[in-house]
Amino acid sequence: MTATQTTAAPTSAASAGSRLMQLLRRRETSILVAIVAMVVVTTAVRPTFVFSGDGWRSLLLNPAIYIVLAVGVAFVIISRSVDLSVGSTMGLTAFAIGSLYIAWPQMPTVVAFVAGTLFGGLLGLVNGGLVAVAKVPGMVITLGTMYIFRGINILWAGTTRINASQMGPDFLAFGNSQVVGIPALTILAVIVAIIAGWYLHNTRSGRELYAIGSAPEAAELYGLAVSRRALMSFVVSGAMAGLAGVMFAARYGTIASNAGTGYELQAIGAAVIGGVAITGGVGTVAGAAFGAFLLATINSALPVLGIDSLWQRAVVGALILAAIILDRVLAVRQKRRLIAERMEP
Amino acid sequence: MTATTVGYREYGRPRWQRILLTREMAIVGLLLLTLLVAGLAIPYFADRLTVYNLLRDMFATLIIALPMALVMITGDIDISVGSMVGLSCSVLGLLFSMGVPFELSMVLVLLMGAAGGLLNGALVAKIGLPALAVTIGTMALFRGIAVGLLGTSTVTGFPQGWTDLTKYEIGYTGIPFIIVVFLVLFAVFVYLLNFTPFGRGIYALGLNSEAAVFSGVNRDRTRIILFVLAGTMSALGGIYWTLLRGTARGDIGDGLELQVIAAVVLGGVSVFGGIGALYGVVAGVLLIGALSSALRLVGVTAEVIKIITGVLLIGSVVAASMITSFQNRRKKVTAAPSQTSVAEPAPSGE
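Order-wise, the sequence lines are chains A and B. For what it's worth, the working numbering labels the leading residue of the first sequence as 3, then goes sequentially. For what it's worth, the working numbering labels the leading residue of the second sequence as 43, then goes sequentially.
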């Protein structure tokens with residue numbers, strides 16, 4: 003409704019002005035402003051936060067895993083479901099890749115990434131398949147698989163952990179390499195996010211996810227393959243979590259059975275803060291990615307600002323609540339405006 | 043006239059079937075079977091101490107499952123309960139270490155639990171936010187404050203009388219005294235849910251929210267009260283854990299929400315709302331507890347128990363959905379011919 007009116011605006015100048023206003027009003031913009039503010043304030047307190055090789059590297063590298071996870075979860079949330087198992091999927095995949103390296107020490111780095119993504123996708127297929135068969139909310143199924151995947155991981159790993167010496171040197175070198183000052187893993191995460199964003203925004207099946215999330219019954223009546231798309235969203239989420247698991251292995255080099263614990267909350271929180279509405283049908287990949295960047299930045303900025311990092315979860319919680327309340331207020335205001343517009347002759 | 047009675051006989055089930063062939067009874071049966079098999083096959087399972095430990099460990103889950111069942115019957119969910127348990131531990135420890143009298147501290151913690159529930163309920167009912175999103179937020183918020191307040195320190199040295207109370211065993215029966223507290227709470231919740239207009243309104247809201255509102259159910263008030271109950275019971279659970287362990291830490295109750303929700307769903311509460319009974323929920327909690335303690339006795343590690351909890355949760359919802367779709371299909375098959383037979387005699391009778 004608003005979109006058609008904007009494009010139908012008479013003069014190009016007005017159109018450009020309103021487009022600028024729209025850009026400023028977007029959630030992505032406000033998150034970006036928050037990130038910049040956070041970085042500026044923290045750098046003012048401690049200049050090495052940005053202006054040092056190490057600081058710059060962690061600032062960019064820390065968000066990489068969160069971005070990939072949040073983008074995957076965004077697919078599921080946009081189709082009005084939720085995936086609580088991404089943390090467990092990520093941990094299990096990281097351990098699987100580590101074990102694969104022990105069995106095949108010469109495994110090329112590319113194979114590790116592809117294998118991990120496929121493995122995660124397979125776990126996502128389990129989630130999606132169960133949701134499709136049982137026709138119950140994804141929350142319940144993924145709550146169960148969150149337990150199961152983690153349990154399998156601990157059962158498999160026991161108390162052993164996989165160390166850097168057991169993984170390929172090329173693989174670990176890639177995890178810590180930089181291209182023109184930007185960590186390779188961050189570049190990978192951004193590329194994945196761009197592809198995912200393009201897919202959701204431009205392809206038919208991507209748009210169908212929004213339709214399903216906005217009104218599942220209407221999508222069904224319209225003839226969309228609702229359960230197949232839902233299945234796909236879980237596979238994407240699982241594959242992203244798998245990729246995040248490989249990135250985790252490549253970056254840290256040490257994998258214990260508890261790797262990725264609690265990451266599901268961070269991923270969902272990042273997506274929600276970035277404007278992906280938990281009621282489905284709303285949100286962008288860019289928003290989820292920026293949300294992830296903000297969370298990771300808060301993580302590393304809190305200790306610098308003299309706040310114990312233990313408070314990080316409280317900040318995340320407050321941000322989630324603020325984001326959903328803001329979403330609601332904006333939605334109510336837009337609804338009122340649309341009604342007012344309809345009232346006018 | 044005769045046609046309708048025939049119809050009733052055909053579709054209605056005898057009373058004994060209606061009572062025994064339910065989802066809840068299936069779980070009760072499974073629980074009894076587990077107890078029987080484990081009691082016979084596993085040495086020391088039927089032991090006094092095993093029973094005592096089982097009931098003591100499940101107390102917090104039991105009391106939180108009661109309001110959680112009510113919340114889920116209305117179609118909402120509260121995943122912040124585990125964090126509220128942790129926050130209650132922290133605040134209780136902090137108040138006590140600051141010299142506040144212990145009894146007063148406990149009252150304050152219960153009030154804080156109610157306030158936390160009020161926050162959830164107000165955001166859900168008054169602002170109209172989805173319960174899942176709100177409680178994901180408060181889950182992180184409460185846990186963050188819990189671990190932030192105490193940091194890495196712990197508080198110990200709680201009054202002996204109170205810590206002993208949580209361990210007190212009634213005679214040599216293997217039944218901890220706190221189970222009496224649970225039974226009282228259980229009776230209160232059963233009364234509330236099954237014998238008051240408020241409780242019937244909870245089912246009505248879960249089945250059809252709009253229709254319930256038009257029938258005079260106060261939707262906002264009901265939802266808020268249920269979240270307040272969930273918060274208060276979580277605070278009680280937190281006080282209990284603190285006293286039982288004798289230490290207050292911020293990370294207590296981590297993951298408890300998952301166990302509670304798994305038990306509630308396992309106990310037959312529909313994830314879509316509107317369906318469920320409290321005795322089924324109690325059976326669900328006890329089933330998870332009994333399986334865990336049986337497996338622990340035969341040397342199975344806690345990780346396998348995690349897997350089994352997950353499998354039980356998924357298995358129960360998948361089975362329930364399969365049974366429903368099977369019944370619907372059968373109903374369609376049997377309904378098709380009987381409709382014609384009902385329609386035929388009607389004109390001849392006139």
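Calculated directly from the structure, the hints in this document are not laboratory data. Nothing here was measured: the structure is a model prediction, and the numbers come from that model. Here a beta-carbon is modelled for each residue, glycine too, at the ideal position from N, C-alpha and C. Please note that the accuracy of each hint is not assured.
Not everything, but these chain B residues come out facing chain A in the computed CB check (under 10 Å) [as the list claims (entries may be wrong)]:
1. T64
2. A175
3. M181
4. V307
5. G357
From chain A, some residues computed to sit far from chain B (all C-beta separations above 10 Å) [stated by the list, open to error]:
6. I37
7. V181
8. T281
9. Q314
Estimated spans, in silico, between C-beta atoms of each pair [claimed, not checked]:
10. A/S311 with B/V142: 39 to 47 Å
11. B/G357 with A/G183: 49 to 57 Å
12. A/T256 with B/G170: 27 to 35 Å
13. A/G160 with B/Y210: 36 to 44 Å
14. A/L26 with B/F368: 50 to 58 Å
15. A/T161 with B/T196: 33 to 41 Å
16. A/L34 with B/Q369: 36 to 44 Å
17. A/T161 with B/R263: 36 to 44 Å
18. A/V38 with B/S195: 50 to 58 Å
19. A/Q168 with B/N370: 52 to 60 Å
20. B/N260 with A/I341: 45 to 53 Å
Quick rundown of the hints versus the structure:
Residue-level restraint check for B/T64 is violated (minimum Cβ-Cβ distance to chain A is 19 Å; threshold 10 Å). With its C-beta approaching chain A no nearer than about 4 Å, B/A175 sits inside the 10 Å limit, and its interface hint holds. This hint holds: B/M181 has a C-beta 7 Å from the nearest C-beta of chain A, less than the 10 Å allowed. Because the closest C-beta pair between B/V307 and chain A is about 6 Å apart, less than 10 Å, the hint holds.
The beta carbon of B/G357 is positioned within 10 Å of a beta carbon in chain A (closest approach about 8 Å), and the interface hint is therefore held. The Cβ of A/I37 sits about 19 Å from the closest Cβ of chain B, beyond the 10 Å cut-off, so the non-interface label holds. Distance check on A/V181: its Cβ is at least 34 Å (rounded) from any Cβ of chain B, clearing the 10 Å threshold; non-interface status holds. With 10 Å as the threshold on Cβ separation, the claim that A/T281 sits away from chain B is violated: the shortest Cβ distance comes to roughly 6 Å.
Non-interface call for A/Q314 relative to chain B: violated, since the shortest CB-CB distance, roughly 7 Å, does not exceed 10 Å. At about 28 Å, the CB distance of A/S311 to B/V142 disagrees with the hint of 39 to 47 Å. Between B/G357 and A/G183 the C-beta distance comes to about 51 Å, which sits within the given range of 49 to 57 Å. A hinted range of 27 to 35 Å for the beta carbons of A/T256 and B/G170 is inconsistent with their spacing of about 45 Å.
Against the hinted window of 36 to 44 Å, the Cβ-Cβ separation of A/G160 and B/Y210 comes to about 38 Å, which satisfies the hint. A/L26 and B/F368 have their C-beta atoms about 55 Å apart, which keeps the hinted 50 to 58 Å range intact. In this structure the hint that A/T161 and B/T196 lie 33 to 41 Å apart at CB is violated, the actual value being about 25 Å. Between A/L34 and B/Q369 the beta carbon distance is about 53 Å. The supplied range of 36 to 44 Å is therefore violated.
A/T161 and B/R263 have their C-beta atoms about 51 Å apart, which leaves the hinted 36 to 44 Å range violated. For A/V38 paired with B/S195, a C-beta distance near 36 Å fails the hint of 50 to 58 Å. One distance hint, 52 to 60 Å for the beta-carbon pair A/Q168 and B/N370, holds here, with the actual separation near 53 Å. Under the hint 45 to 53 Å, the C-beta atoms of B/N260 and A/I341, about 26 Å apart, miss the expected range.
Comparing the model with each earlier hint shows violations of hints 1, 8, 9, 10, 12, 15, 16, 17, 18, 20; every other hint is respected.
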